[in-house]
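Please take these sequences and the hints and turn them into a complete structure.
One-letter residues, chain by chain:
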Amino acid sequence: MAKVEKKRALNEETLRDFLRGMLLIRRFEEHVEERFRAGDLPGFLHVAIGQEAVAVGVCQAMEEGDVFASTHRAHGHTLARGTPPKAVMAELYGKIEGCSRGYGGSMHLYDLERGNFGANAVIGGGLPHVTGAGLAFKLRDEPRVALAFFGDGATNIGTFHESLNLAQLWKTKTVFVCENNHWAESTPGWQHSPVWDDMSKRALAFDMRSIKVDGQDVEAVFEAAHEALEFARSGEGPVFLDVETYRMHGHFIGDPQVYRTKEDREEAADNDPITRLRERLALGDDEFKAFDDQANQIVEEALEFAQNGTDPQPEDALKNVYA
Amino acid sequence: MAKVEKKRALNEETLRDFLRGMLLIRRFEEHVEERFRAGDLPGFLHVAIGQEAVAVGVCQAMEEGDVFASTHRAHGHTLARGTPPKAVMAELYGKIEGCSRGYGGSMHLYDLERGNFGANAVIGGGLPHVTGAGLAFKLRDEPRVALAFFGDGATNIGTFHESLNLAQLWKTKTVFVCENNHWAESTPGWQHSPVWDDMSKRALAFDMRSIKVDGQDVEAVFEAAHEALEFARSGEGPVFLDVETYRMHGHFIGDPQVYRTKEDREEAADNDPITRLRERLALGDDEFKAFDDQANQIVEEALEFAQNGTDPQPEDALKNVYA
Amino acid sequence: MTYREAVRDALGSAMRKDEDVFIMGEDIAEMGGSMAVTQGLLEEFGPERVRNTPISEMAIVGAGIGAAMAGMRPVVEIMYEDFLTLSLEQIVNQAAKHRYMSGGQLKVPLTVRTQGGAGWSPGAQHAQQLEAWLVHVPGLKVAYPSMPEDVRGLLWTAIYDDNPVILFEHRLLYPVKGQVPEELEPIPLGKARTIREGTDVTVIAIGPLVHRAVGAAKQAEEEGISVEIIDPRTLQPLDEDALVASVKKTNRAVVAHEAVTRMGFGAEVAAVLQYKAFDYLDAPIERVGAKFAPLAFAPVMEQFIIPQPEDVLAAIKRTVGK
Amino acid sequence: MTYREAVRDALGSAMRKDEDVFIMGEDIAEMGGSMAVTQGLLEEFGPERVRNTPISEMAIVGAGIGAAMAGMRPVVEIMYEDFLTLSLEQIVNQAAKHRYMSGGQLKVPLTVRTQGGAGWSPGAQHAQQLEAWLVHVPGLKVAYPSMPEDVRGLLWTAIYDDNPVILFEHRLLYPVKGQVPEELEPIPLGKARTIREGTDVTVIAIGPLVHRAVGAAKQAEEEGISVEIIDPRTLQPLDEDALVASVKKTNRAVVAHEAVTRMGFGAEVAAVLQYKAFDYLDAPIERVGAKFAPLAFAPVMEQFIIPQPEDVLAAIKRTVGK
Ligand SMILES: Cc1ncc(C[n+]2csc(CCOP(=O)(O)OP(=O)(O)O)c2C)c(N)n1
Ligand SMILES: Cc1ncc(C[n+]2csc(CCOP(=O)(O)OP(=O)(O)O)c2C)c(N)n1
Ligand SMILES: [Mg+2]
Ligand SMILES: [Mg+2]
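Residue numbers (the numbering used here), protein chains in the order written: chain A, 1 to 323; chain B, 1 to 323; chain C, 1 to 322; chain D, 1 to 322.
It should be emphasised that the hints constitute simulated quantities derived from the structure, not laboratory data.
Be careful, since some hints might not be right.
[Stated by the list, open to error] Have a look at the derived ranges for each label pair, beta carbon to beta carbon:
{"no.": "1", "chain 1": "B", "residue 1": "Arg140", "chain 2": "C", "residue 2": "Pro186", "range": "18 to 28 Å"}
{"no.": "2", "chain 1": "B", "residue 1": "Asp198", "chain 2": "C", "residue 2": "Glu183", "range": "54 to 64 Å"}
{"no.": "3", "chain 1": "B", "residue 1": "Gln297", "chain 2": "A", "residue 2": "Glu236", "range": "58 to 68 Å"}
{"no.": "4", "chain 1": "B", "residue 1": "Asp286", "chain 2": "D", "residue 2": "Gln308", "range": "54 to 64 Å"}
{"no.": "5", "chain 1": "B", "residue 1": "Thr310", "chain 2": "D", "residue 2": "Lys249", "range": "46 to 56 Å"}
{"no.": "6", "chain 1": "D", "residue 1": "Pro47", "chain 2": "B", "residue 2": "Asp198", "range": "15 to 25 Å"}
{"no.": "7", "chain 1": "A", "residue 1": "Lys171", "chain 2": "D", "residue 2": "Ala36", "range": "50 to 60 Å"}
As the structure is a prediction and not an experimental result, all values here were calculated from the model.
Cβ coordinates follow ideal geometry from the N, Cα and C atoms, glycine included.
What follows is the structure, given as structure tokens:
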């Protein structure tokens, strides 16, 4: 995807790039679901279907040199930041061509070259990292920012609060991106957080600047993320990005969602960020199909690459324990 | 101390009782300092000098059946709740007549009979307990409240946030009493918390009701605590009590306070809650001295009792590990 | 009855009997827990007693402690035992010590259930076996049942024990079926179970390794080695007498668990046995456990790390010099 | 130089040499730490590099990890090792595993210093010895030096090691004096130190027990027993060869630490020795550690719980049948 010119409205071509990015994630995730159901993929997998605009909007606003931490729901962030789909898919297959060489898996995608400090399967686990990395950038006076993605459910864990406190206190170069998709596994927002309908309140306890944004509108996400990143980059302090979004599918692949009403699913489906962007760009069926075909092709190539990848040797398990 | 009649202004006799309670704590702590310096007392000791109005105001507002959790700075809370000074002092001496039978020490005072669920030497350690106890009271529909004391420094630890979140979500019968004395050991408020000058902001992240009060004014503390307790007791939800107070002495006995300015100490000294109450009651020197003598006498008796207390047998150490 | 049903039955039975018992944990209500263990309990007991919690392991355990101190018998669930790391302050400094620090005034009748385990590529943060840590903490009781009957009886006992009990389950055990008595029978904490009698070597195994040891024992038998298997079931208190008696009989011992060998529970067992059965041992005590690495994702590496039946068999053979 | 000064010297020297080294922890700046270890460093290096933190052990360690991943070499302090329980998620699931889970891409050159220890009635929440837990975690290195020279050299090495290293200090050791070389000499992780040579029994001791063992050895000598003392210094990696070689020579072993005996580090050492020196052992390996209780406050009970020189002596005598 072409890098967006900063400080001016997004042009059509950029938005088309965003669409490509979002479609890549969507089709990637759909293929992953399909392959998991076919019994191809080991482990626990969580897809980001419905949340593609957050991944693309935020990651496109990041600069080279910025770093980030992701979560159990990491495919989208990783693809949006430019890690080749082949390397991501190969990781899900546990191949040495994978972005974590087969050691990590879906919940532990890494790509140091692109500043991916790791998807974290412990809720809140990456938040202190970006606080510390943001501190390092500040101490060294580097124009870099450390950013973390996390969900609404993650705002309940102590690690979240300790990290925000420290970041604000020390004005680290950090951005905290809360993807509020209204669910933590089977637990709806109202059942896990007293401020579930306005997560920006979480930042009040630290006097931290927060920016609220509609996560289904990729342009808005990009603008807000850009603003947050530049604020943090300038050394003025961290920012809490409160993103409203939707989880269109189950928590994990295979989740029957017994806990979820039809209305709730429909509401999510009605807020498809790809449909939104397609309408914004007024794309006809053919035009859209061309984008879509391209995305599917990339994913199919990735799949083939991954399926033909190399299994590690059993004894490789004893490598990389220490540097 | 006589139990205060609820829902009306405090009468003079009640305030005199409060003064007795505060003086008891002050003289108790002074004797403890003196005995520690003399080499009599083992362990780490933290006195509550300057914070007596909080202990007395809050504990007097509690009802029989209410429970509470305290901190490393626990002597005041424990005395104010009615545990005999002899039992507290004996505990500091590690005697079996102590309120924790010599197993606990200064940082682990207990008195189950009076609802003291324990002083906790881990910052934040008692906060989830009062959340859970407040939940139990709610589940059983009992008119009881669980209350926790903690310092400004404790508002930085994850346990604090997790506890407030859970309490508010479940509307447990809990009151959180933050004694903001502007210091966490050697670390001033501005160096440990971005909202150190208005701790009630900590409650905003949970939409929790908060009440701010001047902790050097025992009447005000009593009124605020009473309001908080009744709100929680009614089942409407927990309350965050934001109490401004002063630590007049060092963090622990023996602390040279190299980190503290003369001005800061003077400001604390100028805000002595005992002086405030004495003025409010317009007590003459003689009258005050009578109160004071009484307090000193109680403490001296406690000291004698403790010094003549019984040492546990070494093998007693293996008792009480399991119920 | 499966192991999963056995856990559910113990929880349901205790809640039916006793208003003071309630359960809380992440996603245990509508969803029935991430391993479907608590399915159906919400319907029977309602949301007050089957409580979904926010993601806050410290507060979950700590609130359980508070409710226990206030006289209830809460059972809390930590979804994966890796997340015990988020709640250890409350388990180790609080639950384990309140009775002691109060000189015997308080009690904390709390049960903490958790589960983990490899064998399905969960990756390095969703499969650790941490039971050894808890065994190091005076004031806690620790159980790790391997059979449906045991988990049902021990969980029941844990709930009614006046001390904090940590109960470890293993994901691969949930579908395992086993005979259980019609009536729920409490099983005392601290009593080992002899899974299989034998004369040449004693395998002391816990959790999934009990089942892997059974496989290994069958193979060993074909090679003429008679294997006794003992499952301590409770790690704290530990039924040292049963272990020692068996080893005095067989003169050889293998200790097996899925946790990392280094500093794992097998170290304690080996230390006890070499001390109490020193003159009876004809061979060094073998330890079987995970190799020294975090759990890799790729299945071939994962399987290499965790102990397999063949690893138990190889250890058995070494003890008899084959 | 005292042990305290040795720690301070290692920190100061590293910070002087290298802009990437900085320290953070509670009250380490103006106050110089709760044990006065970091006194003077604020004055020399300023508040950017000597950072007072809020009370938030998880974030302290986790921020250290993040800064380390970003290329720095932070040294963080956990004021009391009991509070490790609040940060284990970051130490165990994060610091220890990032390199592995990333397939070798990342490194985490973080040092975590902490201290604890009984002997001054700190009570049950301020004195636990938890080194055994960390030894169970692949990806971590663990050191527990007993001498000024060792703590200086090992801390230096820890700071420059590209892996997370947890360094345990003991409060009673801070005033202990010892010879140190003029120039700071790095000491490799994983090399034991022979404290004293002897022929009848090997005492493997760590932390304060090294010093208590020295006292016991002198008394034993008077009774005609020649005691060798080895301090592994690093618990992970463990210098098994040195321990085994010594025991093969003396044919008897005692393992001593202040932590609770059950599931303590001594269990691992005993398990290793009985395995690797099976044919050489003339007596069961003795373990000396704290009795199975939280640390009581009253001095008489506290002293009863923690291992004394007499306990080491008694264990020595048992090994030689006296
Ligand atoms: C500390 C911790 N507790 C529990 C879990 C299990 N778990 C995985 S995802 C999840 C829900 C997360 O919700 P949220 O943060 O909103 O992210 P989302 O799944 O909606 O993207 C839970 C409870 C975990 N991974 N870590
Ligand atoms: C988790 C934890 N970290 C650190 C400490 C050491 N410590 C004891 S008291 C204290 C400061 C507490 O400050 P505050 O909460 O404001 O209470 P105050 O001492 O002012 O009453 C610290 C850091 C501790 N007891 N627990
Ligand atoms: Mg969510
Ligand atoms: Mg304070």
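Here is what the structure says about each hint:
no., hint, in the structure
1, B/Arg140 <-> C/Pro186: 18 to 28 Å, "holds (25 Å)"
2, B/Asp198 <-> C/Glu183: 54 to 64 Å, "holds (60 Å)"
3, B/Gln297 <-> A/Glu236: 58 to 68 Å, "holds (59 Å)"
4, B/Asp286 <-> D/Gln308: 54 to 64 Å, "holds (55 Å)"
5, B/Thr310 <-> D/Lys249: 46 to 56 Å, "holds (50 Å)"
6, D/Pro47 <-> B/Asp198: 15 to 25 Å, "holds (24 Å)"
7, A/Lys171 <-> D/Ala36: 50 to 60 Å, "violated (30 Å)"
The structure fails hint 7 only (numbered hints given earlier).
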